[in-house]
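Novice: Build out the structure end to end from the sequences listed, making use of the hints.
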Amino acid sequence: MGIRYDDILMTSDVRKGRLRIYKSTLHRLNDPKAIQLLVNPASKVIAIRSADDLDSRRHTLPVSRFLAPGGGDVDLYCYYLVRDMQAAFPEIAEGYSYRLHGFLQEKDNMVCFPISSLDEIKKIGAAEENDG
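Mapping to my numbering: the sequence shown position 92 is 92, numbers consecutive.
One or more hints might be untrue.
Okay, the calculated beta carbon distance ranges per label pair [what the hints assert, rightly or not]: (1) 17 to 119: 17 to 23 Å; (2) 79 to 38: 14 to 20 Å; (3) 31 to 83: 27 to 33 Å; (4) 120 to 33: 28 to 34 Å; (5) 94 to 39: 17 to 23 Å; (6) 42 to 72: 30 to 36 Å; (7) 33 to 7: 16 to 22 Å; (8) 5 to 80: 26 to 32 Å; (9) 33 to 94: 31 to 37 Å.
Pairs of lysine-lysine residues, derived as DSSO-like cross-links and limited to a Cα-Cα distance of at most 27 Å, are as follows [stated by the list, open to error]: (10) 33 to 107; (11) 16 to 44; (12) 107 to 23; (13) 107 to 16; (14) 33 to 16; (15) 44 to 23; (16) 23 to 33.
Note that these hints are calculated values from the structure, not bench results. These numbers come from a predicted model, not from an experiment. Glycine included, every Cβ here is placed at the ideal spot set by N, Cα and C.
Specialist: Pasting the structure below:
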């Protein structure tokens, strides 16, 4: 296991099909220009690895956005990926948003998020259900 830092965070919003990678997490990876998103159902881990420009499996990041003063986090919208993660990890329930806490594996230039670190943020639509 790598080094745990409080600022290595990612959130998942099942309804919107969104993964949000926090700027602080990307800083721990030395502000990569591209990443790979890795999912391992057997070990119940989601990982983000810094990728080089030659890797065809990379996702290029809007570097200027998150490096700019006051720049924000990076949102990846992929409904099908979030659905596949939900199928692989029954802990991820429909209609919920989750925060995942990760750790740094410096030698691999990667951050790992064990599914056991899932924290429920809120039930989407719960306010409407309770009000009506």
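Novice: Which numbered conditions among the earlier hints are violated in the structure presented, ordered from lowest to highest?
Specialist: 13
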